[in-house]
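Peer 1: One-letter residues, chain by chain:
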Amino acid sequence: MTVAHAPSYESAMSSYEPVIGLETHVELGTRTKMFCGCPTEFGAEPNTQICPVCLGLPGALPVANAAAIEATIRIGLALNCEIASWSRFARKNYFYPDMPKNFQTSQYDEPLCVNGYLDVVLDGETVRVEIERVHLEEDTGKSLHVGGSTGRIHGATHSLVDYNRAGIPLVEIVTKPVAGAGANAPQVAKAYVTELRDVIRALGVSDVRMEQGSMRCDVNTSLNRPGAQWGTRTETKNVNSLRSVERAVHSEIIRQAGLLDAGERIIQETRHFHEDTGQTTSGRSKEEATDYRYFPEPDLVPLAPDAAWVESLKATIPEPPSVRIRRLQEAWGLTDHEMSSIVNAGAVELITATVESGATVEAARKWWLGELARRANAQDVELEQLSITPAHVAELQALVDAGRINDKLARQALEGVLAGEGSPEQVVAARGLEVVSDSGALGAAVDAAIADNPDIAAKIRDGKLAAAGALVGAVMKSTKGQADAKTVRELILSKLS
Amino acid sequence: MSTISRDEVAHIARLARLAVTEEELDVFAGQLDVILTSVQRVGEVAADEIPPTSHVVPLTNVLRPDEPGECLAPGDVLRSAPAAEQNRFRVPRILDEEA
Amino acid sequence: MQPITMTAAQIADAVAQGQISAREVAQAHFDQIASVDTELNAFLTLDTEGALAAADAIDSARADGEKLPALAGVPLALKDIIVTKDVETTAASKILKGWVPPYDATIVRKMRAAGIVVLGKTNLDEFAMGSSTENSAFGATRNPWDRTRTPGGSSGGSSAAVAGYEAPLAIGTDTGGSIRQPAAVTGIVGHKPTYGAVSRYGLIAFSSSLDQAGPFGRTVLDAALLHEAIAGHDPADSTSLTAPAPDVVAAAREGADADLTGLTVGVVTELGGAGYEAGVSAAVAATIAQLSNAGAKVVEISCPSFDYALGAYYLIAPSEASSNLAKFDAVRFGLRVGDNGVASLEEVMSQTRDAGFGAEVKRRIILGTYALSSGYYDAYYGQAQKVRTLISRDFSKAFEQCDVLVSPTSPTVAFPLGERVDDPMAMYAADLCTLPASLAGTPAISVPCGLSEGLPVGLQVMAPAFADDRCYRVAAAVETLTTAALGKPLLAHSTF
Ligand SMILES: [Zn+2]
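Sequence lines, in order, name chains A, B and C.
Note that numbering that gives the first Met the number 0 has the first sequence beginning at 0, numbered continuously upward.
Note that numbering that gives the first Met the number 0 has the second sequence beginning at 0, numbered continuously upward.
Note that numbering that gives the first Met the number 0 has the third sequence beginning at 0, numbered continuously upward.
The following block holds chain A by itself, in its conformation from the complex:
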């Protein structure tokens, strides 16, 4: 294939309209796996959370986890879906070594939840993303590729398989095609995944950590000329952060536009997103599409959620996050702009929790959108990935409010917390950051500064109060910054009046 010239995003958007679709996998946070009683701890030693069922040993049989079924129905309800009164599992047959039975127990034509929607707000405007289906399946194991230079499958001499993850319940949420977003398509994709994450987190059914793989996203993208039929779509896999969702759509739009501009056709294929380059590369072509040979799973009986069961689950669905945002905005007295910067920074939960821990809204915003946002950005991580909790932030602010540390010391304390040295209180104690408030010690420092600078002291006595700054500086220097400048100034003036 010739390498097509990549147009700018703007020029791509002037010629084509994108249609996107998202398939999101969410690992449920159940105690045990989907079809067996093995635990689901993340990061356990390889092949230690294994039984005959999830290892696919001959003779073993699955039994569905009630908590996983309920979690899926609750996700469906939170996404405004209809809950099927009759639903079955099906076998999706294909050979792959990380799948113990060489079929995945999934759902095919009879999913648990269908026809829902999720409203997302983008720049103050509501975009409705329609949900086609929500279904339940089991996760696969994980392979380690050995012998290649990159740890990737290509070039490896062999692979090592760990089945701890195999059989963990996985919910797949599939949108209908989203058309009409125009140049905003990448942002809509990101906003949708963010909102979906918040909805699921609010339900408490998954920790939805993209960086740990408990939420994974595949993004379908196609381009068409305005008014023309939808184009051939590609499916970009391996999109593992909110930012990447946006970048993947963006880069795939540019790539496809380049090919179309050059008169080439788009191949229906799976592509892989690379975090480092922000580009996608070709995976398996769907033209040799695997024939999955779905059929109803004979080892599991049908699910038939009755109205009473569904109603009882409906009663547990929390307020939708977007409604909650509006409520919080009013309670916090923020402008649209202020609130959306909190939302865009992914800091709603963090600020809510910080306020709940006793900080004012102002203080919580100052920390999360200021110093902490700056650090997260520098490290290229999400705010919530920083190793600091909302309770820590509230504690830090309380120390400032009590005058025990000043702003400069607070930043040092923050650094200690982020470095894993403990709570702000512990860091302040361990690093000896507390403001010198002991009037004896401070008085002595002031006296010393006056004695060392008789000229300046004389000026102040003469009423030239502006000269006090030099003495404050001297005291701050001798106390290594651990004094409250305002207190020092007052002390100097009172001693020289």
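These are calculated hints, taken from the structure and not from any lab test.
Keep in mind the model is a prediction, meaning the values are calculated, not measured.
Glycine included, C-beta positions come from ideal geometry on N, C-alpha and C.
Nothing false has been slipped in among the hints.
One-sided excerpt, in silico: chain A residues whose CB lies under 7 Å from chain B:
# : residue
1 : 94
2 : 152
3 : 160
4 : 300
5 : 303
Since the structure of chain A is provided, determine the placement of chains B and C with the ligand on it from the hints.
Peer 2: Positioned in the frame of chain A, the structure of chains B and C with the ligand alone reads:
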């Protein structure tokens, strides 16, 4: 009437991960043709309005509580593995990224 | 009395009363195995050590005055498709040779709890696919009645072991007739329970929606005793029935008096006539006449969709098998072929599966893969499932008019070794009579009912779902009537 060709058998065998020999292909293609011709009769009686039976037991919603059960001892997990390394199952290089 | 000629009921009694030790019983059976199994090839694996240890445990429990469980000390032959912890389990396939499972099937645990002593694992058609036990990777099993003939299949190792006095009881599995047909051609009793009555956890799956484990015995009562020991709800099997099992032991005892007054027996029109051996038809007709003499009302009943059972079965079973057997992939257990450090996993998997599976298994995997593939699903698998519905409806209608349905168990007596191995359709025809009950998930028993040129003929008794007790009651009556007609139990006519 031929219902399945030799090429089709070869394709299906690849899908089923069976490296069948040329001789096997010849034999299977002939036999499968006979079998398929005979089983095609099922199409004669099964009208559209008849619901399919996938499960004969009158059971629905068979679920287990989300409570941990027993896992295999680590030694038992790998004891029948054709090859193992670093407590993992060792497999030859994987050709294509299918999943 | 020789331990090997005792029934399970007699052994359990004798052991409980201290007339014989469980070890003596086990040892006598191992001696019989040693003397006849080189010819029969019924066993693939013997667990001499485990069996004798289990027998000793029973003997010392008795010595300590403990109350023994129902079948304490009764030896059993276990079809090698049932998973046994620490005892090699192969499904008679090269692909599993040497596999020592880390867990026990639910029915194995239940049998141990009932005091049953498992002697070893018996031969079968590879993965239970066949009707003659010739599809075993480890050699054919021979019929004790005539060593040039097959013992039926796929549970032929189990049927031969019981008919050859190597064990009073055996476990088989029945997907399309694999308990009933071997029972018929070896002159013993074999029952396929209602689907879901016996746990499938630990039964290596062939066709999940059809597979059922069940008992073999030389008498109806023995089969009922074993049925009682293995039946019951299992939370590890989602398709396991929750309703309490019927009292099959009481039914077997009740039927032995051969008074069938008030019972209506339906004779299935479609399961007989042309294509059935004359001797088989004659023996079955004579037995039906005896049932009438014993007070039963006999009616003829047509089940037209039974004619489509063979087609439906040979689409559904291979389809499910193609998926169930995908796990044999050279990754986690079993055979691996061609791993030379260069070949890809895909090549190693394909070579392993080609080398590890026998011809019949490969044939069915290909057939099933084809039937499930896109473009054919509706025409094949989908249609076959509709036929299943029709067959169930025929059964329901029939049971409005009668209490049980009867037919020959198999169209022929035991056929000669080698006769059908290259003709799949002829082999499949051996299951013609047993397939309808498999597809409907309903219970059916085969009980010896006569001889045809010196070889045993079986009568199949079919009942509605959950009414396994009816099968046992009528089978016990047939047993009494046949023994009277022949002057001694049918199996005693074997020259073995
Ligand atoms: Zn498990």
